[in-house]
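K.L.:
In order, the protein sequence lines correspond to chains A and B. Residue numbers for the first sequence follow the UniProt record's numbering, beginning at 1 and rising by one. Residue numbers for the second sequence follow the UniProt record's numbering, beginning at 1 and rising by one.
Just so you know, these hints were derived from the structure itself, not from any lab. Any given hint could be a false lead.
No distinction is drawn between identical chains; accordingly, a pair holds when it is met within one copy or between any pair of copies.
Straight-line C-alpha distance at most 30 angstroms; calculated BS3-like pairs for lysine-lysine [unchecked claim]:
1. Lys277 with Lys77
2. Lys245 with Lys277
3. Lys245 with Lys77
4. Lys85 with Lys277
5. Lys85 with Lys245
There are 2 protein chains.
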Amino acid sequence: MIRRLCIIGVGLIGGSLARALREAGYVEEIVGSSRREEHLQEALDLGVIDRFDSDPARAVEGADMVFVAVPLGAMGKVFESIAGKLATGAVVTDGGSAKASVVRDVCTAVGDTPDWFVPGHPIAGTEQSGVAASFAGLYQGRRVILTPLEQTRPEATARVRAMWEAAGATVNEMSVEHHDEVLAATSHLPHMLAFALVESLARLSEQREIFEYAAGGFTDFTRIASSDPVMWRDICIANRDALLKMLERFNTDLETLHTAIDSRDEETLLRIFTEAKVARDAFSRPAEKSKD
Amino acid sequence: MIRRLCIIGVGLIGGSLARALREAGYVEEIVGSSRREEHLQEALDLGVIDRFDSDPARAVEGADMVFVAVPLGAMGKVFESIAGKLATGAVVTDGGSAKASVVRDVCTAVGDTPDWFVPGHPIAGTEQSGVAASFAGLYQGRRVILTPLEQTRPEATARVRAMWEAAGATVNEMSVEHHDEVLAATSHLPHMLAFALVESLARLSEQREIFEYAAGGFTDFTRIASSDPVMWRDICIANRDALLKMLERFNTDLETLHTAIDSRDEETLLRIFTEAKVARDAFSRPAEKSKD
Ligand SMILES: NC(=O)c1ccc[n+]([C@@H]2O[C@H](COP(=O)([O-])OP(=O)(O)OC[C@H]3O[C@@H](n4cnc5c(N)ncnc54)[C@H](OP(=O)(O)O)[C@@H]3O)[C@@H](O)[C@H]2O)c1
Ligand SMILES: NC(=O)c1ccc[n+]([C@@H]2O[C@H](COP(=O)([O-])OP(=O)(O)OC[C@H]3O[C@@H](n4cnc5c(N)ncnc54)[C@H](OP(=O)(O)O)[C@@H]3O)[C@@H](O)[C@H]2O)c1
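Starting from the given sequences, assemble the full structure and let the hints guide the process.
P.N.:
So, in structure tokens, the structure goes:
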């Protein structure tokens with residue numbers, strides 16, 4: 001149970017956690033904070049938060065739990081503002097899509113590795129953003145990854161885990177580095193391919209016509225290219241090293257395919273497509289089930 | 001109205017056309033043909049065809065319309081078998097995913113460019129294959145592209161158009177070359193990226209775990225990697241030149257993105273992601289609407 005929850009960044013991710021915890025009766029009071037008053041007012045009007053303060057230092061006052069859900073590029077500033085302003089015993093966690101960069105930002109702001117910070121990442125989202133797109137069911141049946149540090153108090157991790165479970169999620173723990181590699185592979189690289197493909201097609205002269213003949217599979221394939229550009233710019237910067245590694249890996253595999261097509265190597269083509277189909281059919285099932 | 005329709009290759013594409021035309025009351029008799037008797041027997045048991053003959057030369061006897069829906073790599077042999085065996089006035093069309101290769105195969109088999117052949121391609125399909133996966137509604141509201149040749153009798157094109165409209169589709173005409181370029185961009189290239197991505201991830205040592213953390217977007221993104229490997233091998237061979245051109249174009253664009261990530265070029269990243277989002281949001285709407 002949380003007495004006072006402070007959410008910094010009341011958008012899709014922050015707003016949905018607020019709604020889910022409220023619905024679960026897991027929180028007494030929710031204080032919101034972000035840059036723009038009109039966004040906070042909107043969150044208040046929607047009943048997502050109980051009050052707000054655009055100064056994060058004042059917003060965290062007396063909160064026993066703080067959830068930071070701003071774009072990765074804004075994390076550093078937020079942590080600078082709240083360092084030293086937290087209530088005794090307060091636990092802070094975040095929802096950023098990469099973890100090493102957030103940990104670096106927190107440590108820089110605090111001047112040390114704090115024992116009250118639990119890095120986190122809900123594997124859930126849509127192509128929408130902003131508080132109006134938030135909904136209580138976003139985390140239902142989805143996974144949340146926590147990457148506690150050596151210094152993190154186990155009690156802090158336990159409280160964050162309980163919070164996410166109250167929101168309907170299943171919680172897993174892993175190292176910061178492993179998180180960033182897994183996400184580079186399963187989320188960040190696919191987004192790069194979708195953005196690059198749509199950008200590539202959009203610059204063809206026949207673009208309007210081309211999109212007209214795009215069949216169902218293409219629509220699904222490129223949906224993720226509708227995601228927020230700022231968020232993805234920040235992810236590229238924050239998870240640069242793991243993403244570059246995956247991109248290079250993918251390039252090698254695409255090059256193999258390219259060469260096989262170029263040299264009409266039917267055997268290699270059939271092998272690659274068969275291996276991919278077998279892997280997709282076998283391993284995608286749990287993901288498909290957990291889709292809402 | 002078709003009196004006797006011969007379908008060579010009674011799988012997803014051929015079987016669905018048979019079902020749709022039967023449901024529309026647009027055909028009197030449907031004769032099936034393919035390599036394996038057990039597949040033809042299955043089609044007969046399902047009521048998709050009225051009788052069958054595994055010899056295509058005999059199957060086309062007396063048919064006023066012939067639809068060839070075998071993998072692209074099998075087209076040449078089929079046309080060799082039926083050349084000279086067609087009834088007077090019979091029209092032949094196909095459903096192959098690339099068109100230049102099919103036209104080459106027909107011309108080679110006939111020894112000339114026939115006036116009775118109408119190259120076609122329904123922009124519809126699923127990741128399933130075989131007659132058991134076929135259904136009458138597959139073409140409802142979808143597009144079919146016809147690429148008639150200079151030599152094609154306009155009356156032949158009109159009859160094929162009327163057939164597809166009876167099956168619920170909208171028919172467009174374009175040149176063979178344009179078809180192959182448009183499809184390389186909107187279908188063949190995306191499939192290559194999905195196959196290469198899944199293959200790339202499947203070979204990571206942590207593969208099982210990696211697929212577990214794949215969120216909804218990834219599932220949609222890679223669904224097309226479940227498609228039939230033989231069909232895609234054949235498409236790569238058949239539409240090699242247009243596909244290589246698109247792959248090279250995409251590689252250049254992915255390289256630009258790669259460089260921007262590598263050099264932490266926030267401006268370029270934001271520009272690419274914004275352009276892609278705008279294009280996806282604007283041009284995907286008609287495609288999304290036509291999805292079933
Ligand atoms: N969307 C997804 O699919 C997804 C999934 C998992 C994790 N995440 C992560 O969750 C975080 C939030 O994403 P989101 O999708 O919820 O984005 P969003 O809907 O755009 O919300 C972002 C929120 O942060 C606030 N904000 C932006 N810059 C700020 C700053 N400099 N200082 C204070 N507040 C600021 C915004 O309000 P103002 O404009 O009023 O400042 C808004 O309330 C990101 O770190 C993202 O990586 C996203
Ligand atoms: N699936 C799609 O999404 C899609 C969409 C548009 C167009 N297409 C095109 O449609 C065609 C058929 O695809 P499909 O998805 O319907 O495949 P499918 O379900 O596997 O059906 C292929 C059919 O062709 C027969 N066949 C295979 N090799 C043959 C041969 N050498 N001689 C005679 N018959 C043969 C098979 O029966 P036997 O095994 O008994 O020979 C089967 O009936 C392909 O050219 C493909 O490019 C597919």
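K.L.:
The structure should be examined with respect to each hint, and the outcome stated for every one.
P.N.:
Hints and how they fare:
no.: 1; hint: Lys277 with Lys77; in the structure: between (45 angstroms within a copy, 27 angstroms between copies)
no.: 2; hint: Lys245 with Lys277; in the structure: both (24 angstroms within a copy, 25 angstroms between copies)
no.: 3; hint: Lys245 with Lys77; in the structure: within (28 angstroms within a copy, 45 angstroms between copies)
no.: 4; hint: Lys85 with Lys277; in the structure: neither (53 angstroms within a copy, 39 angstroms between copies)
no.: 5; hint: Lys85 with Lys245; in the structure: neither (38 angstroms within a copy, 58 angstroms between copies)
Hints 4, 5 from the list above are not met by this structure, while the remaining hints are.
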